[in-house]
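Peer 1: This is what each chain is made of:
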Amino acid sequence: MSAVTNIGVAARASAVRVQNVRKVYQRDSQSLTVLDGLNLDVPTGEFVALMGPSGSGKTTLLNLIAGIDRPTSGRVVVGDTDLTPLSEGELAKWRSRNIGFIFQFYNLIPVLNAIENVELPLLLTNLSSKERRQRAMTALRIVGLEDRYKHYPRQLSGGQEQRVAIARAVVTDPSVLVADEPTGDLDARSAEEVLDLMQTFNKEFGKTILMVTHDPRAAERAHVQHHLEKGVLRD
Amino acid sequence: MKFAPIVLKHLRKNWIRTLSTVLAMSVCIFLFCVLQTVIAAVDFGLHSGNTNRLVTRDAVSIANLLPMNYKQKVAAIPGVKDVVIVNWFGGVYREMKNFFPNLAVEPEAYLRIHPEIMLPPDQKEKWFGDVRGAIIGRKLAQRFNFKVGDIVQLESFIPYYRVGKPFEFAIDGIYDTDEARYPGTNLDSMYFHFKYVYEATGQRIGIGTLTTLIDDPGQAGAVSKRIDEYFDNSDNPTKTETEQAFRAGFVALAGNLALLLNGIGLAVAFTILLVTANTMSIAVRERRQEIAVLKTLGFSSGLVMTLIISEALLLGLMGGLIGIFLSRAVIAVLVNVPFLGDVLRQFPNLGLSPQVASFGMGIALLIGLLAGFFPALLAYRSRITEALRQV
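Sequences listed follow chains C and W, in order. Counting in the working numbering, the first sequence runs from 1 upward without gaps. Counting in the working numbering, the second sequence runs from 1 upward without gaps.
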C-alpha cells in the first residue's frame, strides 16, 4: 500500500522522493518489515511532520532520506541525487553537503565547546580556519547563542544544546533538514523556541524540513502531517 | 591539522587514563632503550677485539695461573710474532663503587702489541723506567681527576695479590687513542708493571693470560691449535682463542645476555600493547554514539578510523618521548654503576644512540598503531543506525 503526498504545490520541484521503498530488518532468523512499499514526495521548501506510534517506521524513513541507511528495495531521491547506487563514502560526502540532522538528544560532542561543535561539519570543507570560525559564529548568532560560543555542552541547558545542534545542522547550508523528535527531550518553553527556529529556517531560508514527532503541538507547526502505521503512510 | 583539536580534546578529557597509558608506554620504551644500549655496548665490546691477537689462559679456569716459563714457550711457537703477560689485578680504589679495570702487564711488549694505547713519548719512557709507575686512560683521569705524578693506592680482591697493604702506584702517563682507527678502546683502564706485582708478592704468582700477536690473522685458528697442543700433556693445559672470542666468553658466563634482555623487553612491550589496546577499546566503546554522529555529519568511515588511530599514535608518541628522555637520563647514571658502567663505557660516544632512540620511538608508534587499529576498525565498521539506536 502506498500514500502519495499532494500538498497543493505541485508546481514546485521535489526535494525528496521516496519511491516504493521497502525496508526489512533481519533479526536472527526472523524478517521484520519496517517500511512496506512506501511512497512520499516532499516539494522543495516544505515543512513535513511524520507522526505515528513507536515502531511504525518514522525514524527508519528519516534515516533513509538522510542517507544513513539503505532501503531493502525501492528508490530514495533527494534533490537531483538518487541515493540508491551511492557507495558508503559517496553517501558520507553527500550527507556533509546536503543534509542537516537534528537529533532528539542533541548529540553534541561533549569535549568540544559550542562553536567547535558547530564547526565540525565545516571541517570536511576546504574553508580556511578563519572562514569556518566566521560561519560557525554566524550560525550561533542565528540561533541566539553567540555569547555562549565557548560554553561546553554540560554548561548549556537542554534547549540551548538543541539550538547549538540546529546551528550545527544548518552551518553547511544544506537544502534538507531532518529532525528526529527534536523537542522530545525539552520542556514546553524550550520546545517552542526550537520549533520557532525550525520555522524560521523553513520560511526565511527556504529549507525543506522533515520532522519526526510524537507531539501534536510540534506537528501543527508543519505544513503537512503524515501518519505512519506499520510501515505505510495513512494521511 | 584541522582535526587535531578533536584528537587532543579526547585525550585531555580522560587525562588520568591518558596519563597512566602514556606512563606505561614510557616505561616500556625506557626499558627497551636501556636494554638495547646495554646490548649494543656489550656487543661492541665483543666485536672490537683485534683479529690478530690471541689470548691464552688456563684450560680449566681463568682463575688458575700458568707457569712463568709459558711465555718463552709460546713465543717460540711458529706464527707467533710477539707475546705479553696480562694479569687481571682486580684492584679497588678506596671503595668498590670506584671500580675500574686494572691490569699488570709488561709495558714495552704491551704497547708494542696494543697500538691503540697512545702515550706521549716522554710519558712512555718514564713509565718504562719506573717499576711502580702506571698509566691510565683519559676518561679514568677525568673521572677521578687524576694527574700525572699522583699516587694511587689499589687493593686487590684476588687472594694471591693480597699482601696485607694496598699497592701504591705513581701515575706516569695518561693514554688516549685514535677513536676513528680504534673504536671501542677502553679509556677507563689502568696498566702497571707486572714485575712490580710479581716481586711484591714474593714471586709466588704466575701468568693470568698471555696476549699473543700473530703474523697472519687468517692463521689464528692454526696458531691457537699449535699453542694448545704444545701444552696438551703438561700439568697446565691451555685454552687459546682470539681476543674477540675471549671477550665473548666473559659475557657467556652470564648466559645469553642479549636473549635474556630482549626477552624482557619483548614481554614488557607486549604487556604495554595489551594495556594500550584496552585503553583504546574503552575509549572507542564510550564514544560509539559520538562516532555515529560524526558519520551522520559526513565524516567518512576512513576519516573516523584515522582519528582514532591518530589518538593511539599520539599516546605512543608521548610515551616514546618520555621513555627516551628517561632512558637518556638513566644511561648517564648507569655508567657510574660498578662493572656495568665499565662495559657501558666501552661504547663510543656513550649514551643513548640515535639508532636506539629511533628504534624505541618506532616501537612506541608501532604499539600505538597496533593498539588503535582494532578499535578503529570497529569504529570503521560500526553502522550509524545501530549506534544511534543504543542511545
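Worth flagging that the hints you see were computed from the coordinates, not collected in a lab. Incorrect hints may have been included.
Stated by the list, open to error - Cross-link-like lysine-lysine pairs, in silico, DSSO-like; alpha carbons within 27 Å at most:
hint, chain 1, residue 1, chain 2, residue 2
1, C, K130, W, K126
2, W, K13, W, K71
3, W, K73, W, K165
4, W, K126, W, K147
5, W, K97, W, K71
6, C, K150, W, K9
7, C, K93, W, K97
8, W, K195, W, K165
9, C, K93, W, K126
10, W, K147, W, K71
11, C, K130, C, K150
12, W, K239, W, K124
13, C, K150, W, K13
14, W, K195, C, K130
15, W, K9, C, K130
16, W, K239, W, K126
17, C, K150, W, K2
18, C, K203, C, K230
19, W, K71, W, K239
As the list claims (entries may be wrong) - Pair ranges (Cβ atoms, derived):
hint, chain 1, residue 1, chain 2, residue 2, range
20, W, A332, C, D147, 47 to 57 Å
21, W, L23, C, P216, 25 to 35 Å
22, C, T84, W, E386, 36 to 46 Å
23, C, P110, W, K97, 27 to 37 Å
24, C, G144, W, A267, 52 to 62 Å
25, C, P216, W, F374, 26 to 36 Å
26, C, P216, W, L378, 48 to 58 Å
27, W, N278, C, S87, 32 to 42 Å
Ideal Cβ placement from N, Cα and C applies to all residues, glycine included.
Peer 1: Would you mind marking each hint as holding or not holding in the structure?
Peer 2: Here's how the hints hold up against the structure:
| no. | hint | verdict |
| --- | --- | --- |
| 1 | C/K130 <-> W/K126 | violated, 78 Å |
| 2 | W/K13 <-> W/K71 | violated, 74 Å |
| 3 | W/K73 <-> W/K165 | violated, 34 Å |
| 4 | W/K126 <-> W/K147 | holds, 15 Å |
| 5 | W/K97 <-> W/K71 | violated, 34 Å |
| 6 | C/K150 <-> W/K9 | holds, 14 Å |
| 7 | C/K93 <-> W/K97 | violated, 68 Å |
| 8 | W/K195 <-> W/K165 | holds, 18 Å |
| 9 | C/K93 <-> W/K126 | violated, 85 Å |
| 10 | W/K147 <-> W/K71 | violated, 33 Å |
| 11 | C/K130 <-> C/K150 | holds, 16 Å |
| 12 | W/K239 <-> W/K124 | violated, 32 Å |
| 13 | C/K150 <-> W/K13 | holds, 16 Å |
| 14 | W/K195 <-> C/K130 | violated, 83 Å |
| 15 | W/K9 <-> C/K130 | holds, 20 Å |
| 16 | W/K239 <-> W/K126 | violated, 35 Å |
| 17 | C/K150 <-> W/K2 | holds, 18 Å |
| 18 | C/K203 <-> C/K230 | violated, 32 Å |
| 19 | W/K71 <-> W/K239 | holds, 14 Å |
| 20 | W/A332 <-> C/D147: 47 to 57 Å | holds, 54 Å |
| 21 | W/L23 <-> C/P216: 25 to 35 Å | violated, 57 Å |
| 22 | C/T84 <-> W/E386: 36 to 46 Å | violated, 21 Å |
| 23 | C/P110 <-> W/K97: 27 to 37 Å | violated, 55 Å |
| 24 | C/G144 <-> W/A267: 52 to 62 Å | holds, 59 Å |
| 25 | C/P216 <-> W/F374: 26 to 36 Å | violated, 47 Å |
| 26 | C/P216 <-> W/L378: 48 to 58 Å | violated, 41 Å |
| 27 | W/N278 <-> C/S87: 32 to 42 Å | holds, 33 Å |
Of the hints listed earlier, those the structure fails to meet are numbers 1, 2, 3, 5, 7, 9, 10, 12, 14, 16, 18, 21, 22, 23, 25 and 26, in rising order.
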